[in-house]
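Peer 1: Below, each chain spelled out in residue letters.
Number of protein chains: 4
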Amino acid sequence: MKAIVFEAPELIECLDREKPVKEEGYVLIKSAFAGICGSDLYIYSGTHPRAKTGLILGHEFSGTIASENEKFKIGTQVTVNPLIKCGQCSTCIAGLSHVCENLRLIGIDSDGGMSEFVKVPIENVYPLPEDMPLKAGALIEPVAVTVHAIRQGQYTPGDSVVIFGAGTIGICLALTLRNFGATNITIVEPNEYRQSHASNLGFNTINPKKESVKDVIEAGTNGIGADFVFDCAGHPSVLKDIIDITKIKGKIIIVAAYKKPGEVNLLQSMFKELSIQFVRVYTDRDFQLALEIVSRNPEYQKVITHELLP
Amino acid sequence: MKAIVFEAPELIECLDREKPVKEEGYVLIKSAFAGICGSDLYIYSGTHPRAKTGLILGHEFSGTIASENEKFKIGTQVTVNPLIKCGQCSTCIAGLSHVCENLRLIGIDSDGGMSEFVKVPIENVYPLPEDMPLKAGALIEPVAVTVHAIRQGQYTPGDSVVIFGAGTIGICLALTLRNFGATNITIVEPNEYRQSHASNLGFNTINPKKESVKDVIEAGTNGIGADFVFDCAGHPSVLKDIIDITKIKGKIIIVAAYKKPGEVNLLQSMFKELSIQFVRVYTDRDFQLALEIVSRNPEYQKVITHELLP
Amino acid sequence: MKAIVFEAPELIECLDREKPVKEEGYVLIKSAFAGICGSDLYIYSGTHPRAKTGLILGHEFSGTIASENEKFKIGTQVTVNPLIKCGQCSTCIAGLSHVCENLRLIGIDSDGGMSEFVKVPIENVYPLPEDMPLKAGALIEPVAVTVHAIRQGQYTPGDSVVIFGAGTIGICLALTLRNFGATNITIVEPNEYRQSHASNLGFNTINPKKESVKDVIEAGTNGIGADFVFDCAGHPSVLKDIIDITKIKGKIIIVAAYKKPGEVNLLQSMFKELSIQFVRVYTDRDFQLALEIVSRNPEYQKVITHELLP
Amino acid sequence: MKAIVFEAPELIECLDREKPVKEEGYVLIKSAFAGICGSDLYIYSGTHPRAKTGLILGHEFSGTIASENEKFKIGTQVTVNPLIKCGQCSTCIAGLSHVCENLRLIGIDSDGGMSEFVKVPIENVYPLPEDMPLKAGALIEPVAVTVHAIRQGQYTPGDSVVIFGAGTIGICLALTLRNFGATNITIVEPNEYRQSHASNLGFNTINPKKESVKDVIEAGTNGIGADFVFDCAGHPSVLKDIIDITKIKGKIIIVAAYKKPGEVNLLQSMFKELSIQFVRVYTDRDFQLALEIVSRNPEYQKVITHELLP
Ligand SMILES: NC(=O)c1ccc[n+]([C@@H]2O[C@H](COP(=O)([O-])OP(=O)(O)OC[C@H]3O[C@@H](n4cnc5c(N)ncnc54)[C@H](OP(=O)(O)O)[C@@H]3O)[C@@H](O)[C@H]2O)c1
Ligand SMILES: NC(=O)c1ccc[n+]([C@@H]2O[C@H](COP(=O)([O-])OP(=O)(O)OC[C@H]3O[C@@H](n4cnc5c(N)ncnc54)[C@H](OP(=O)(O)O)[C@@H]3O)[C@@H](O)[C@H]2O)c1
Ligand SMILES: NC(=O)c1ccc[n+]([C@@H]2O[C@H](COP(=O)([O-])OP(=O)(O)OC[C@H]3O[C@@H](n4cnc5c(N)ncnc54)[C@H](OP(=O)(O)O)[C@@H]3O)[C@@H](O)[C@H]2O)c1
Ligand SMILES: NC(=O)c1ccc[n+]([C@@H]2O[C@H](COP(=O)([O-])OP(=O)(O)OC[C@H]3O[C@@H](n4cnc5c(N)ncnc54)[C@H](OP(=O)(O)O)[C@@H]3O)[C@@H](O)[C@H]2O)c1
Ligand SMILES: [Zn+2]
Ligand SMILES: [Zn+2]
Ligand SMILES: [Zn+2]
Ligand SMILES: [Zn+2]
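Residue numbers (numbering that gives the first Met the number 0), protein chains in the order written: chain A, 0 to 309; chain B, 0 to 309; chain C, 0 to 309; chain D, 0 to 309.
Rather than coming from a laboratory, the hints here were simulated on the basis of the structure.
Be aware that one or more of the hints could be misleading.
Treat identical chains as interchangeable: a pair holds within one or across any two.
[As the list claims (entries may be wrong)] No more than 30 Å apart at the CA atoms, straight line, and that leaves these computed lysine-lysine pairs for DSSO-like:
(1) 72 - 208
(2) 248 - 258
(3) 213 - 84
(4) 239 - 259
(5) 209 - 248
With the hints as extra help, turn the sequences into a complete structure.
Peer 2: Laid out in structure tokens, this is it:
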């Protein structure tokens with residue numbers, strides 16, 4: 000079968016590989032669509048700490064059931080929760096397996112969905128509604144990240160929000176927050192193409208290269224600042240703005256994966272009694288909720304900018 | 000009367016000053032003891048953003064009532080909550096006046112307790128138990144900072160704790176935590192004199208210059224890390240250790256006032272889903288609780304290392 | 000001017016009354032619409048503990064500015080937050096003035112909006128968007144109750160909900176929850192007219208006289224139970240069901256005002272480690288959010304079943 | 000061997016029984032001390048829903064290791080966490096196994112510690128410090144209930160507390176709260192013997208038959224009420240007092256197991272925006288903390304009023 004393989008740093012190719020063989024507790028999926036995530040670019044660069052050469056990429060994907068099993072009929076539309084948890088560490092035992100000490104991902108630590116067939120543990124498979132386009136199934140994973148950020152970060156419905164970054168995560172977060180009743184959402188994004196994409200989806204936007212984020216947010220909040228600020232950019236330049244625009248006793252949620260330690264104005268944070276909550280991936284419940292939200296709201300599909308064939 | 004005055008950068012002198020005149024809503028206090036706080040050194044350096052030359056220092060002090068008033072008898076032993084709140088800003092209106100946008104302190108923004116007499120708003124005055132040494136009254140303010148850090152930071156009784164810094168705040172915090180039932184307390188402090196002071200008070204200590212903080216804490220927690228970590232050092236060097244030793248989903252409380260932005264390992268914090276809570280000064284309730292704790296526990300007086308006369 | 004006056008138990012009449020005179024800090028409003036609340040019926044019955052005969056009713060109303068003032072132009076469309084707080088009690092000082100020990104309401108403790116003109120403190124007046132029908136302005140108050148129930152009760156977006164009662168509060172709560180992203184909402188209501196009203200608005204409904212609430216909810220949640228249960232009925236018969244259908248460690252929010260103490264299965268609640276949060280009226284922020292939600296969502300106006308002229 | 004067996008309703012006898020046989024994953028303990036709990040009386044009455052005739056009683060006990068195993072030496076002093084969790088239900092999977100849907104207890108659902116030897120799963124066994132009297136080992140279980148009530152109920156150090164009931168649980172809770180820094184503790188208890196026991200241990204006490212609980216608490220809190228109220232009585236008569244004395248927005252923790260549904264003043268609870276948290280047994284962490292607290296504080300042993308031999 001054909002598969003997209005990480006061969007060496009800066010070398011990813013479409014190669015011929017053996018079709019995986021069915022195994023107890025696993026099921027074969029015929030892949031349909033897979034998203035390209037920032038971590039795929041990271042793997043491509045050759046510096047990802049865990050991904051090994053020879054890996055088939057793809058951790059956000061959809062497809063159809065392709066092997067007999069006790070749970071799903073052949074042909075059922077599905078998506079896959081890529082998280083593999085150890086079940087043994089103290090975090091898993093405390094019921095917090097999404098931050099398992101030994102967390103592994105299908106498509107990063109083992110072969111993923113960018114191939115004709117992929118073999119996954121049957122409990123990681125989620126059926127899609129029949130009328131949901133398979134393309135949308137590849138969006139559940141990033142949307143699950145945003146559902147988790149909102150629930151884990153204890154976002155209070157009605158609170159005002161600023162999001163830094165209009166990448167896949169930032170845009171999906173804005174859509175999910177809108178679905179969760181937030182109306183006062185502003186997205187900060189320097190890239191004009193992405194900024195206008197966010198704007199077209201109906202969000203207030205700020206281009207930090209052209210306007211002072213602080214001035215705009217202060218003007219819009221009677222000088223008080225935002226209740227909740229989400230960092231989906233992960234760029235050192237946003238950290239100053241984030242502290243500046245969060246209200247006294249406000250809450251900052253960091254979703255972004257910073258490549259390097261970042262400079263934080265700790266004195267100003269102390270004067271404001273801020274709290275910072277970091278969030279990682281998603282629980283099973285978040286994944287299930289993401290599936291339901293995406294199936295009800297076709298607007299998520301506007302996040303997809305290009306469709307590529309191998 | 001004699002008063003200790005900030006005259007110019009690096010010049011503090013004991014001078015003659017007019018005795019303050021009684022005013023409606025205020026009361027005169029004959030000062031007894033005043034603590035020297037880190038912010039006093041900051042004022043001395045001449046770089047404090049608010050303190051002006053001519054200021055009489057002293058925001059943590061005790062004394063006796065020296066003017067007629069409707070609340071306290073002449074001679075009553077008292078201490079003073081130095082916080083002056085505006086009562087008008089959105090934070091004050093929300094009942095969060097300890098983080099008032101216009102917060103001012105007696106002894107920083109107006110004349111303080113390092114003089115024979117000081118005039119303070121009567122509602123800032125707290126009576127001390129008769130059998131409490133006046134010296135202990137000067138400790139209520141720093142202890143209130145620690146009561147607030149514990150309550151605002153939502154410390155859960157029984158959780159394990161690491162404290163960075165064995166200055167007045169770090170030591171008082173360790174004592175207050177012990178009074179609040181924490182038994183598993185470790186203090187990290189590079190200064191050997193302060194480390195042994197902490198050790199003599201019965202706490203586990205680590206000298207980060209001699210031992211790896213990470214190794215010691217991991218060994219003591221089955222590799223899991225500490226539940227709660229308090230930063231009372233405010234030194235850039237501690238930030239790496241803090242993130243390293245906090246357990247997955249653990250909580251970091253930052254009490255320290257960092258002079259400059261600090262480098263934080265945001266990626267590791269995200270992988271661990273940490274939360275960071277900054278805390279500032281104290282509420283009136285915290286101040287009252289601090290007074291009660293200090294009056295019951297003479298051990299706080301061991302925090303006093305020197306007594307100076309002007 | 001004409002006014003609807005509580006004359007005696009079971010006697011409410013439309014009478015002639017003096018037009019109120021403008022006073023410093025107050026503004027006159029020409030009334031447009033006023034809702035009839037359950038507490039108005041309570042007053043009518045003559046057993047309300049605070050309402051006195053001679054009172055002009057109406058605490059949920061809209062109108063237009065009718066006297067010169069420094070804040071609003073004559074003719075501005077407005078609604079009124081009827082809460083009058085003392086500002087002196089310990090609760091007010093703690094910033095929790097919505098549960099002021101001496102809470103009073105315009106229309107219950109002093110003359111309300113069911114008259115041609117009503118005089119209210121200017122800070123209780125909220126301007127309405129120009130394109131909002133004045134009728135909708137009378138709905139802000141009950142919707143504010145529901146915004147508060149959700150925010151104070153710390154509803155987590157995505158959680159499943161059961162609401163008992165399809166009165167004004169129950170229906171508005173369901174609409175507000177839907178605006179806040181809840182999708183899994185079920186309303187329990189014995190009155191068929193109200194049940195079908197709820198059903199027409201797109202909610203799942205259960206008639207507890209015809210079906211077992213427990214069976215239906217268990218079937219819909221894999222036997223787990225609901226995450227959040229709101230009591231907007233206040234009828235003793237619901238208490239058993241509420242405990243039965245809330246999941247282990249789930250949350251119950253009681254909005255209803257029970258006329259008599261109710262029988263609660265405390266043993267079952269303990270076995271499930273439930274938590275029960277009671278909620279009362281709304282903060283200023285909740286009221287402002289309610290205004291924004293109602294102005295964006297015309298569907299709230301479907302809550303209005305009849306329009307009456309005096 | 001000798002064993003104390005529940006033979007029939009109102010018939011418990013000391014009989015001869017076969018010594019249990021070692022099994023994979025289990026260990027034999029030679030019993031030393033066992034507490035008599037309220038649930039033992041419940042079993043005795045014959046109305047306990049799960050306990051079957053033939054059962055050997057005892058779920059709070061200590062002893063010494065009596066069979067070879069890979070974890071403990073023969074003779075090691077131990078106590079036993081009696082909770083047996085299914086590990087399969089949704090609650091267990093969520094890491095909340097202390098409220099497992101299928102929770103079972105050694106000594107209630109299977110043979111317990113009131114016999115010469117008892118066989119328990121090895122992971123339920125906790126070693127005791129060598130210098131700890133074996134008698135104290137029988138107290139860990141009830142103390143774990145109190146550690147859980149405090150941690151799960153999110154008691155904030157410094158808050159004022161009223162406890163209803165001076166039985167084993169109420170007294171242990173007061174001791175644990177004192178160890179966790181609470182100073183303002185009042186115990187309400189009608190039984191004079193138990194009241195004076197509480198008083199001798201240094202707690203404020205109220206006899207609800209002689210004094211008005213409401214008056215005493217109001218007098219002691221400037222009319223504000225208590226921050227936290229724990230119900231360790233489980234008697235219908237306390238429910239009125241509990242609602243009366245909890246401050247506006249205060250917290251009620253119900254530990255007690257009410258035999259019948261209780262009448263709760265829901266209207267007053269709503270006016271005060273109270274919250275009620277029910278708590279059940281303990282997590283493994285609570286049990287471990289209880290062990291540490293009891294080993295450090297010999298005063299817990301004063302809870303033991305009688306020592307009986309079979
Ligand atoms: N916590 C988790 O479990 C988790 C899961 C998934 C993803 N993530 C992380 O979440 C972040 C977002 O993911 P993504 O896939 O959406 O990444 P992305 O496509 O790279 O989006 C990041 C966006 O932030 C923008 N940005 C750069 N500087 C900015 C500034 N000063 N202000 C505002 N925006 C700025 C970038 O603009 P340019 O294109 O011009 O640089 C880009 O559009 C990444 O760090 C990713 O690693 C975390
Ligand atoms: N949030 C608030 O409202 C509030 C209120 C009061 C105080 N504060 C702040 O709290 C902090 C503590 O106050 P303080 O009066 O106790 O200050 P302090 O006397 O300066 O104590 C700080 C201690 O930290 C030690 N330290 C330095 N590097 C360290 C490291 N790598 N690891 C561990 N400890 C290290 C210092 O040792 P050396 O002496 O060797 O440098 C010193 O003993 C200050 O930043 C202060 O500004 C905040
Ligand atoms: N917390 C606050 O600040 C606040 C503010 C406003 C209102 N409230 C209270 O909130 C509650 C709801 O207000 P509302 O104006 O919507 O009252 P409402 O119009 O009386 O609505 C209550 C509804 O509950 C229904 N009901 C009766 N028994 C039921 C059962 N077993 N299961 C389900 N539903 C049942 C009633 O049906 P029937 O008509 O057949 O009886 C009625 O439709 C009232 O108790 C009110 O006092 C509280
Ligand atoms: N949540 C859990 O997991 C858990 C675990 C263990 C125990 N429990 C429960 O916790 C409760 C306490 O246990 P226990 O072993 O300490 O029971 P206990 O020995 O029966 O103690 C209860 C005490 O409350 C007293 N009391 C009765 N009426 C009172 C009133 N009006 N005001 C104040 N006190 C009153 C009783 O006095 P008299 O003797 O005069 O009646 C008795 O001293 C029980 O309900 C038990 O089932 C729950
Ligand atoms: Zn794990
Ligand atoms: Zn202020
Ligand atoms: Zn008030
Ligand atoms: Zn279970």
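Peer 1: Next step is simple, just say for each hint if it's right about the structure.
Peer 2: Now the hints, each set against the structure:
no. : hint      : in the structure
1   : 72 - 208  : neither (52 Å within a copy, 39 Å between copies)
2   : 248 - 258 : both (28 Å within a copy, 21 Å between copies)
3   : 213 - 84  : between (41 Å within a copy, 25 Å between copies)
4   : 239 - 259 : both (16 Å within a copy, 13 Å between copies)
5   : 209 - 248 : within (28 Å within a copy, 38 Å between copies)
Checked against the numbered hints given earlier, this structure breaks only hint 1.
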